[in-house]
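*Asks:* Next come the chains, spelled out residue by residue.
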Amino acid sequence: DVVMTQTPVSLSVSLGGQTSISCRSSQSLVHSDGNTYLYWYLQKPGQSPQLLIYKVSNRFSGVPDRFSGSGSGTDFTLKISRVEPEDLGVYYCYQGTHYPYTFGAGTKLELK
Amino acid sequence: EVQLVESGGGLVQPGRSMKLSCAASGFTFNNYDMAWVCQAPKKGLEWVATISYDGSSTYYRDSVKGRFTISRDNAKSTLYLQMDSLRSEDTATYYCARQRGITTWYFDFWGPGTMVTVSS
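One line per chain: the protein sequences are A and B, in this order.
Take the first sequence: its letters are residues 7 to 118, numbered as in the working numbering.
Take the second sequence: its letters are residues 6 to 125, numbered as in the working numbering.
In case anyone wonders, no lab produced these hints; they're calculated from the structure.
Short derived list, chain A residues pointing at chain B, Cβ under 10 Å: (1) Asp-39; (2) Asn-41; (3) Tyr-47; (4) Ser-54; (5) Phe-66; (6) Val-96; (7) Tyr-98; (8) Tyr-100; (9) Thr-103; (10) Tyr-107; (11) Thr-108; (12) Phe-109; (13) Ala-111.
In this text, all values refer to a predicted model and were calculated from it rather than measured experimentally.
Glycine is no exception: its CB is placed at the ideal position from the N, C-alpha and C atoms.
Using the sequences and the hints, build the whole thing.
*Replies:* Here you go:
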């Protein structure tokens, strides 16, 4: 199975600040159809995960432009600008290229 | 508004069975593949099983093959997960999720989850 490694495990940020989360895959996530199926989810405390980013850099419906995704091959980054209280929680990357599809272990974003 | 609501979780002894349900609303249920994703306490997320929009195809992670059965009733807009021969390592919150994609799978809406605890 493809292993998704997220760093750091946890992160402290000030409100209004900027931060980034890294996700590295054990194999290239470029699919034979040419697409790269890397996604980002946020799980707020006590809630189910919500989709933020699909196919590396596309924001899901309703996701503010403070969130941006980038990367290619095996290295990906989620950047969060102007952090707001509702951004706190655990962020997961997820790969949909190689079956069985797998999640990273998560990065917890907390207030400094 | 898409809504998914799971039910049926609780405490069950090892080796016994449990059936989870997920009631869907706010979208045309029989147009979408559906999935179960689990999260063990204080752990990450793991895909468990997927069923195609018409129920003709099912897929399972290796650790549940032969023990879990995913099914759906499109007339009732309901997804199910029959869990047999339960083990302590099956203890987790189980989320019902709407699945998207053809050459890929991802989950765009999730229910709030139902907790399953396997313990004697």
